[in-house]
Amino acid sequence: MTLLLDLILGLAVVGVAVWTLAVRENFPAVIGFVAYGLLLALVWVRLGAVDVALTEAALGAGATGVILLFAVVRLRGGRAEIDAATPGPRQRLAAGILCGVVGLALAVAVLSLPDPAPSQAAAVARHLPELGVANPITGVLMAYRGLDTLLEAVVLVFAVLAIWSMAPDRRWGAVPGPVFPVQSNGPLSLLARLLPPIGIVVGIYIAWVGADAPGGKFQGGTILAAMGILAWVAGLWRLPPVASRGLRWAVVAGPLAFIGVGLLGFVFADGFLSYPPAIAKPLILLIEAAMTLSVAAALVLMVAGPPEGRRA
Amino acid sequence: MTLLAHLLLLATILAPLGLLATAVTAQGRLRLPALLVYAPLPGLAAALIAGPAPPLVIYADWLRLSLDLDAPGALLLGVAALLWSAAGAYASAYLPGATRFAGWWLLTLAGSLGVFIAGDLVTFYFAFALVSLAAYGLVVQDATRRARRAGAIYLALAVLGEVFLLFAFALLAVSIPGQSLAIADAVAALPNSLVRNETILLLLLGFGLKAGLVPLHVWLPLAHPAAPMPASAVLSGAIIKAGIIGLIRFLPFEGGIAGWGLALGVLGFLTAFYGVALGITQRNPKTILAYSSVSQMGVVMAALGFGLAAGDAATPLDAARYASHHVLAKGALFLGVGVALATGARRAAWIMAPVLLLVLSFGGLPLTGGALAKEATKAQLGAGVLGWLSALSAAGTTMLMLHFADRLRAGLAETPEASAPPGLILPFAVMTAGALLLPWWLYPAAVKFWPALWPVLLGALGFLALRNWGGRLPRWPEGDVLIFAERAAARVAPPLAERASRIEATLRAWPSAGLALLVLALLLGLAMAVAA
Amino acid sequence: MEATPGGFLLVLILVAPVTGLLIGFAQGGRAAERIALWAAPLGVTMAMVLLAGVLHAQAPIVAFVGGWAPPLGLALRADGLAAAMLMTTAVIIAAITLFARADYTTLPGAPEARAPLAFWCFLLALWAALNAAFLGGDLFNLFVALEMLTFGALALACLDGRATQFKAELRYLLFALIGSVFYLLGTALLYGAYGTLDILLLSRTARSDAPTIVAASLMTVGLLGKMALFPLHLWLPAAHAGAPPAASALLSGLVVKASYVLLLRLWFWVMPAALLLAVAPILALLGAAAILFGSLVALRQARLKLLVAYSTVAQIGYLFLMFPLVAGSAAEVAERAWTGGALQAISHAFAKAAMFLAAGVIARGMGHDRIAGLHGAARVAPLSVLAFGLAGLSLMGIPPSGGFTAKWLLLQSALYAGQWWWALVIVAGGLLTGGYVFRVLSAAMRAPSPDFMPAAPVDARQERVALGLAIISVVLGLLPLAAFGLVLIGR
Amino acid sequence: MIYGLVASALVALGLYGLVTQPALLRKVLAFNLLGGGVFLLFGVVAARGGDPVPQALVITGIVVAFAATALALVLVLRLFQITGAATIAEDETRR
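So the protein lines, in turn, are chains A, B, C and D.
In terms of our numbering, the first sequence opens at residue 1 and continues consecutively.
In terms of our numbering, the second sequence opens at residue 1001 and continues consecutively.
In terms of our numbering, the third sequence opens at residue 2001 and continues consecutively.
In terms of our numbering, the fourth sequence opens at residue 3001 and continues consecutively.
Don't read these hints as lab results, they were simulated from the structure.
Take these hints with a grain of salt, some might be off.
Okay, the calculated beta carbon distance ranges per label pair [as the list claims (entries may be wrong)]:
#1 B:Pro1215 / C:Gly2418: 28 to 34 Å
#2 C:Asp2209 / A:Ile200: 47 to 53 Å
#3 C:Arg2464 / A:Leu93: 52 to 58 Å
#4 C:Ala2273 / D:Gln3081: 36 to 42 Å
#5 B:Leu1437 / C:Trp2421: 39 to 45 Å
#6 C:Gly2418 / B:Val1266: 46 to 52 Å
#7 A:Leu7 / B:Leu1496: 54 to 60 Å
All figures in this text were calculated on a predicted structure; none of them were measured in a lab.
We put the CB at the ideal spot given by N, CA and C, even for glycine.
All chains, please: the whole structure from these sequences, using the hints.
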């Protein structure tokens, strides 16, 4: 029964992927991609990785889908140019064969992975009590591989600044992204008024429970960001201009808190990013809180894009 | 004493470079041309004093930089330093205020003297590269179209020579047992090297290019006339000797190699006669001198070749003696051309008399330094057919050089009263005296009168014939075979680069790059799968 | 391997530029500029201390982040190669900081502008990313470092906001992303096969089985794409030539070297020798093709900056000649080839940075970068032309330059190893390099037409920075070879 | 094991799209399909060993992939705004 379920799910994922590639128009392709992301999130649940499923649904399908849709709306035409640049049948055939062989090789490699599979599960679990958290993934992200997470948070800052720096010079200092008119009625307005209060609570909750149950800063931050985006698109919330100090500090607060706590480790524990066992959990929660804020801010800004409005 | 010798050896290279370093200030730059005369003096002192001292090793680790002065090196270093000094004085009068020229001059000087004292492969290569590449700046000084073309060709061939040598040196370094890079060890290991023939071929190509071995001589007749007078003097007198010292240093004369020696000897004679044959078709005095240099270096290489074939360990010193006369006399003549061009008919005798003496010295006229130089290579080129060939080449040289004197007389200044400034005359006088007298001090010998005289007379007869009927000779362009090579290159190179560009453009298109990526991934995987 | 004393230094080298970037971003353009100015000497000092530490210990310095030892935690390791690359990075970044002040300064009280803020932040960002890439001891951590590098490089390259830059950078981004994905696929397989991504732990256990082979080929190709090894160089010429000079210097000189060091770690640490032997000749063959094609195409370029960019395509090729010479050779030959490869990476970094800075100054002074129209450049920007020439000497491999020592070592080991054909490639590449360097210099040295006017005044300080880097690339060749024994530590 | 095959198929599909689709938007889309396959492969590895580490790696990976997508789309939009171009077909290097 479960095998059948997996089989159907797997075929569905591949099928949606093929459709997304093959369909001629951009809009249905993006819709197909969102469906693909949601199906993948289901697959992650089937694989027993609820944390990843949440992240995939929120970021992989949701946020990515939104920015793709924004792009589709703004990119029009170019059909002739695209047709001219389409590779000929011979190149496509070659690409098909080569990609097929790569996929096949990958499949062979996956199937010949050693049994029993090597695993760090036991080691991860053994040291969790020292950290005071129950969710092993949080343990990995915040402690064992904390440097990865720190660098990744920095990547988000990179991305925000990189996106901003694509703006024309004269727009610098202005509000990021398009400015939407206030929607006084209609479904969007209704949603934008009703959802955010609930969403903010849910987002903070998900971030909060991350220490012990599935959830965490990225998932929670994404939900918070989604609420912000909703309010922004409905014209209910104006984004602060890129010149705003507060906005910028919000973006860097997470990684800075991470580094600050990490450096304290030199004094109070044995080195960078090591936590004294007694206060490990509060420290981790502190970082998570700051990171949730920063992730949410960064995501909203990445969706909004470079400054477009007039200088504030 | 050893310390003094070492200091002098170091100063030989560092003095010109240090002088160059003063050019960072504007004032230093302005002073530079006037100081050229002093820059080679440490080298001259080293040649006189530092003779047989133990080598100076600078780094004690496995890349040893060392400076070493043996007898042939000291001889050539001394005369070359003298020429550089005289030409430096000449240059400051000839090109006053040419600071950039002075900079190139000092760089070239450091390399030119450096090759005579380098004791290991790396130092030698460095010095050789310095003298070869920096001389470009001397060639293009006049900034005319002709100078630029000559400079480009000179540079291309110089870099090609560097490449041959780089390869040869790498092969040498690989054949030396242990970590040493000393030239002496390399030469000792060469006869038993697994890649002996390849190494020697590359050495001959690299050094032959510099010394003007036919058909690698093409840059000489282009570069000499294009360069300013003092630059031509050091180019012909000192710089091409880098090739000669290379052959002297790197060929295993002790023991000898018959086949390669014979080949070099034959090519040397070929070069000697070829230079004469093409030189007599030329009309520009400087071009004639350049072809004469080709011919003279041919004689040196012939001596080196037959000495190598015979395994004659005295060859290096003998060849260095012959070459040292050329340093002095050819340097003097190039300086003399500048003096003559500024001198009017009224004073012609004052300049033509020493020129004529020098000219006949090249032919080996008894009592001149040239006769001693010729005598020095008796052991290699004195017997049998070789003796006849060398006598014939002396006759040819006499003819060619008389032709030069003739052309020079035709080029005297138009105002009869004109006279060259003393800044030009004095260096010329010093070099002329040096060419005629110094050999008597450096390598005195008893010269038999008649065997030395008849080639000169024969050459004079040839010259008379040339004056009467020479108009019928075909006129060869400067650089002769190069013209064909240039044409061939113009036909081959652009399509090749064009084709490469087109392939590259195709690969740069997105789908093909993507496909290349996939193909590579599969190729690597396949190679590993086969190996595993 | 245990953590060693001095590990905190590794963390500081990594965290200092990151912190500077975050605060600079938050506080705005002028703060970012001042932080970068302070960070430059600090960075050089830290790199020097680290280098001295590695030399003194004659062993790598290792830190376990958070005190968690691999396989659970992440290690940072500074071996000789890493220390040398960190030093190179610190010096070049410091030079670029000095160079860029003239272009990207914010006057006190002036409103923040886009380009200066982005430039100074991403200068710090790239520095952090480079340090992370050289120090990282875990393949996934290195992936994150590579992504940081890609984003930073991208942002710097389109700083001028021209359409051509956007197009070039999209090609770069998309191709680099394929490279990242390939690399990531490989790490997934390796984790599945060995349960760790720590380089040293993997080096003791790696087998020659199917997952390893597939992982190795995917990761290798991914990194080759990010390095733009021929024929995967589609993005490099336009991207590097289109960037502002300070950015080009960074991209061409340093950024491609990060992927290279990672590739070395993959092949000379992680993968078993049998696989390396199979792959090494292919890599060297691609390198040889890069040298010949890149140089030939560079010869034909009409634009100075594109010429310099194609020269990078060619010089990257040299880095790959060392693979078959190190793999399977006697210890002494392998050491020589290894030193030659590392030295090529370092001396090219200095020479190419100098060349791009010089080209930038020349192009600004002349108002264009058409090679045929460069007459008079030597008068407008004499020191820059000199810097270009000196850097060219190093690229050609003329003594006494770092490039010469590198190529000499490679040449020698090729002959020792009996693989003389690589020696031919090295030499042919040197000749072609001479050709394109000469093209530029001979045009720049010619006298301009009488009515010639420079387009803009040239900043003497910028010229001196370019010259300084060029001189370093030459002086590297004067160091005794024993100094380069450094790069053998921890090999 | 099924998902191992699914992941391989997704990688092949994504690669094919990236190589052959000319429109920039569709290339970005294909990159995200490809990314999904790669992350799924991590998931398979994690599931085989019951190991949380690869899951954590995937979370990091998804965030990085999102940042890359956002960056790429901004570039695509800016390119479109300035030149109207929707592909990166070669034309700018032969100036």
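Structure-based check of all given hints:
1. B:Pro1215 / C:Gly2418: 28 to 34 Å: This hint holds: roughly 32 Å between Cβ atoms.
2. C:Asp2209 / A:Ile200: 47 to 53 Å: holds (50 Å)
3. C:Arg2464 / A:Leu93: 52 to 58 Å: holds (57 Å)
4. C:Ala2273 / D:Gln3081: 36 to 42 Å: Given range 36 to 42 Å: violated, Cβ gap about 53 Å.
5. B:Leu1437 / C:Trp2421: 39 to 45 Å: violated (55 Å)
6. C:Gly2418 / B:Val1266: 46 to 52 Å: Violated, since Gly2418 of chain C and Val1266 of chain B (Cβ atoms, about 33 Å apart) do not stay within the stated range.
7. A:Leu7 / B:Leu1496: 54 to 60 Å: Between Leu7 of chain A and Leu1496 of chain B, where Cβ atoms are some 58 Å apart, the hint holds.
Of the hints listed earlier, those the structure fails to meet are numbers 4, 5 and 6, in rising order.
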